[in-house]
Structures are given as C-alpha cells and as structure tokens.
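Use the sequences and the hints to build the structure in full.
2 protein chains.
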Amino acid sequence: MANLLGRRRWMAEFKTTLAADAAAISEFLQARITCDLHPPLAEAMRYCVVGGKALRGFYVMESARLHGVSGAVEVAAAIECMHAYSLAHDDLPAMDDDDMRRGRPTAHKVWDDATAILAGDALQALAFELIGDTEFPGNTRAALMVSLAKQAGIAGMVGGQAADIAAETAAVPFKLDEIIAMQNGKTGALLTWSCVAGAVMAGANQGPLKAYGDSVGLAFQIADDVLDVEGDEATVGKAVGKDEDAGKATFVSLLGLDGAKRRADELVESACDALSKYGDQAETLKEAARFVVNRTH
Amino acid sequence: MANLLGRRRWMAEFKTTLAADAAAISEFLQARITCDLHPPLAEAMRYCVVGGKALRGFYVMESARLHGVSGAVEVAAAIECMHAYSLAHDDLPAMDDDDMRRGRPTAHKVWDDATAILAGDALQALAFELIGDTEFPGNTRAALMVSLAKQAGIAGMVGGQAADIAAETAAVPFKLDEIIAMQNGKTGALLTWSCVAGAVMAGANQGPLKAYGDSVGLAFQIADDVLDVEGDEATVGKAVGKDEDAGKATFVSLLGLDGAKRRADELVESACDALSKYGDQAETLKEAARFVVNRTH
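For the record, the sequence lines run as chains A and B. Just so it is clear: in the first sequence, position 214 is 214 by full-length UniProt numbering, and no numbers are missing. Just so it is clear: in the second sequence, position 64 is 64 by full-length UniProt numbering, and no numbers are missing.
Just so you know, these hints were derived from the structure itself, not from any lab. A portion of the hints provided could be inaccurate.
[Said to hold, decoys possible] Covered by chain B, according to a simulated footprint, are these stretches of chain A (three or more residues, beta-carbon under 8 Å):
#: 1; segment: 101 to 114
#: 2; segment: 163 to 169
[Claimed, not checked] Residues of chain B placed beyond 12 Å of chain A at every Cβ, according to the derived structure:
#: 3; residue: Leu-5
#: 4; residue: Ala-119
#: 5; residue: Leu-144
#: 6; residue: Gly-160
#: 7; residue: Gly-237
#: 8; residue: Leu-257
We put the CB at the ideal spot given by N, CA and C, even for glycine.
Right under this line is the structure:
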C-alpha cells in the first residue's frame, strides 16, 4: 500500500515534470526560431516543434538533473528539433503520407511539400547549432554533436526510416530481429541519445542510462504498435490501423497483442533495473518508462 | 609576359589541385558511406556525392594547406556531403523539379522522392559526423560544427533556398539587395565556410579568408546567372534558361549581361586583394577565384 501510494506520487511528479519541461522547451524554441530571409520558413519550423509530449527533451533534462547539470534546455530543444524534423519529413506524401500529427494537420498540409522539406532541413541544422552554442566545454559539445549525428543518420534514425519504408513493399515480411534492428534505428537511437545526454554533459559513466534508453526505446515502439491496433485516432492524434491495413509485420503481428504487451512490460522492468545505482533519484525516470508503455498517445 | 606565363602556370596548378582534391574526397566518401539497415540508401548517398567539381572541398583543403594543416580531407568531405544533400533536395519535384544534375539524372529520377529526401537527410547528418570524428581538439571540432550548422540552416543555405523559391512567385520581382541577401544565404554561406575552415582548424585569423569567400561566393552566383543565359545544357550539366523562362529577377536581368560580368570581375579582384598578406602562397586561391567566374559548368 505504501508502495502504491509512493508510485502514485512519483507518477504525478513525473507528469508534472514532463509538462513543465515541454513548456520550457517550447517557450525557448518559439522565441529562438526566426528567419529574416523568408519569415514563413520560421513559422513552419515553430509549428513543427510544438504540440508533442517532448519526451526526448524531458529525458535530456531529467538525465542532466540526475547528474546535477543545469542549463540543459538548449540541448533538450535540440533533440526536439531533430525529432520534429524527422516527423515533418516522414509525414510527406512521398514517405508515409500522413495528414494528421499531434492532433493537427501536418506541415505539408498547412503549407506545402517544399516548405515541409525545408523546415525539416533547417530544424536538423538548428539541432546542431543549439548544442554548439551552449556553454559546455568544447569536448563536451563536440561529443554531444557527433553522437547526435550518428544516432540521427544512416546508422540510426534515417537508416531505420528507410528500412521501415522498404518493409512495406518487402516480398517477405520482416522477421523479429529485422524489426528490432529497424526500430532501434528509427526510434531507439534518438531516445537513447536523450537518456545518455545528461551523463555526457556531466562527463559521467553512460552505461546505466544507455541500458535504460535501449530498453525504453524498444518498449516505446512496441507500445506504438499496440496503439496502432488499440488506439483511436482522436486520442492518438494521428491515423491508426495503417500497419494492419498494409499487411506489414509489426511487434503485434509477430508476438500477438498479449505477447507484445508482456514484452513491453519486461523491457520496462529491465530499464528500471538498469538505474539501480541511482537509487531514489531515478524514480522519475522509472515512472517515465512505465508511462511510455501505458500512454494513450 | 612573365606575368602571363606565371598566371598560366598557376591556373594549371590550380586545376591539377582541384582535380586531385576532388578525387581524394570522392575516394574517401565512396569507402566511408555504407548502410547495414538499408543498403540502397548508401548507394543513393554515394551517387549524390560524386561527379561535381568539389570546389567547396577544394577550398577546405587549400585553406588548410595555406595554414600548414594536414588531415583536412574529412572536413572537405563533410562540406561536399552538405552541398550534395542540398542539391538532392533542391532538385525534388516539390522544389526546383530538375531531372539532370552534373550531367546525370538526379537522385529522385534514379530512385524515387523518398530515397532522395532520406539520402539528403543522412548526408546532412554525415557532414557533422565526419567533422566530429576528426582528430582536432574539441574546441576546434565544435567551432567547425556550429559554424557549419549556422551557414547551412535558416540564416544561411536553407533560408536562402526558401527565399529563392518564394522569388519565383513574388508579386514584385526581387530587387538587387534582396537577391544579394538570398544568394549570400543560398550559395555564399557554405562557400565562405569552406574558405574559412583552414583558418579555424589552425586557430588563425579568419578575416582575410572570410573577405575572400564573401566576394567569391557572390561572384560564383553571378557567374551562375550568366551561365543560365549563355551556357548550353550539355556543358553545364543541368537545365539552363529556367530563370529567364520564369521571368525571375537575376543578376543578369538587373545588371545586364555586360554589367553582371563586370561586377563578377570586380568581385574577383576584391577577393584576390583580400589575400595580400599571404603573398605567393595564395596564388592557387587567386586562380580559384578567377576560375569561378570563367567556368563553363
């Protein structure tokens, strides 16, 4: 009973922190993004970076707090820019062709494809600019930027997205290990980077947060597949049921609905176990992992 | 006469150096770019980075040599990745809709729009990764990456491209100062970054190379407008006459053909004057400036 009350308190605290971080990141970016050369480009970029949960930004800020590092909002804003660029491009008609995102029309529907492409391109550059402009020592800034580049690029997010698109037309449906590799690139790479960022800023051991991030990243994607089956479009904020309609292999099609949920829960346990050395200080991160698999959007 | 013979020798040396640098950069990138997650993505990226003059890469390597810095090929490769990504995206049907580039079909014609978008996205990330993986001190790597992000982003290349697209449908044709601002962003920003890179790597004064780069960048774009009028498609390697057909304001439409050529020549003189403190050591860079306005492609 005491434990349950403790959990409720931690979950409430996590949700308060998540919302406060999202607000701080959003406020920072809305003021930061301007464009003299073509103001509508900045407008599209600002549109792309609002309205999300800012889970990646929260991870950057919470892992920084865990190590006593302040001034992480710029780094948190950077990962949200990187994530927002990937969504703006993934939603394009030439890619996933989605009209709705975060409960609003996608950027190419509000403006046009060219604006969505360019806003995404500029958001990727801005991610590196924001980190480079922080006050951290050169080695730290360089380490953050080069790791971000690796996680965002061909061996990470973009490679995963290319594999995901290929999966839709693959003659043989992807097997479980192929889906895990694809999802680790597409979603896991940036999530793990966010979780590790605080340790990089502090010059601390990245091991526990990397193990946590790897587990949470995979659990996140399994939960996404579950939401695609169980969620309704209004709550999720984007189209659902697309994978099933496309006959695409997913964690749900391969593990079954119950099997997928069980696997996600196991991954959450692994994630929490990885943080044992931090003791009570990691309670907010543990709740974040539970939130990731129980979320409705 | 002695001067003319000297100039011929320097021009020959410049062209040899340009070709050798392009070959070294190309060899490096063809070996470096691989993708386990989705091999065709790497193939498209490798396709995008070959076949150009590699003028930006040459500027990185020559400005490094000018300061006695070796090991600049990764940084030169980075700027060529950044340039190649911008071309892959600019050529898309949603943007400039070009079928030919560097005398070959554009990436989206060989593959599809999704592949061209993703190859471009991954090339931008790779540019930062290549710089971050060099052996330069953290402060130097961070300085190179953050300046590259600024020149490539909303206040530089992407902002300039957005303004250029807007110019096509502008109710009132752009005036000269608007075209200069747009071109400084679209083309000048990355060119100047390349010229300055060697000074950044050496920790030297960037002033002379910045002045040189700013002048050459503008001269380059004026020469592009001249080529669009005077060049033929086979030699230039891409469609010509597009701006005139679109009734778009250009340096040629605003200054006249002779006026544009005169302005480009004046800029080349300014560029060469800016390098006076380097004496004979800068002869190759001076020839590069002359080449930029007299090139046929």
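*Taking the shortest Cβ-to-Cβ distance between Gly-160 of chain B and chain A, state whether it exceeds 12 Å.*
Answer for Gly-160 of chain B: violated, closest chain A Cβ roughly 6 Å.
*With 12 Å as the threshold, tell me whether Leu-5 of chain B passes as away from chain A on beta-carbon distances.*
45 Å, holds
*Would you check whether the claim that Leu-144 of chain B is not at the interface survives, using Cβ distances to chain A and the 12 Å cut-off?*
Leu-144 of chain B not clear of chain A: closest Cβ-Cβ about 9 Å, inside 12 Å.
_The output says Gly-237 of chain B does not contact chain A. Does that hold with a beta carbon cutoff of 12 Å?_
Consistent with the label, Gly-237 of chain B stays out of reach of chain A, its closest Cβ about 23 Å off (over 12 Å).
*Hey, does Ala-119 of chain B actually stay past 12 Å from chain A on C-beta?*
At roughly 8 Å from the nearest Cβ of chain A, Ala-119 of chain B sits no farther out than 12 Å, so the non-interface label is violated.
*With a C-beta cutoff of 8 Å, work out whether three or more residues of the segment 101 to 114 of chain A approach chain B closely enough for the coverage to hold.*
With 3 residues close enough to chain B, the hint holds.
*Regarding the assertion that Leu-257 of chain B does not contact chain A, is the least Cβ-Cβ distance greater than 12 Å?*
27 Å, holds
*Quick check: the segment 163 to 169 of chain A, covered by chain B? Criterion 3+ residues, Cβ under 8 Å.*
Result for this restraint: holds, n = 3.
Comparing the model with each numbered hint stated earlier shows that hints 4, 5 and 6 do not hold.
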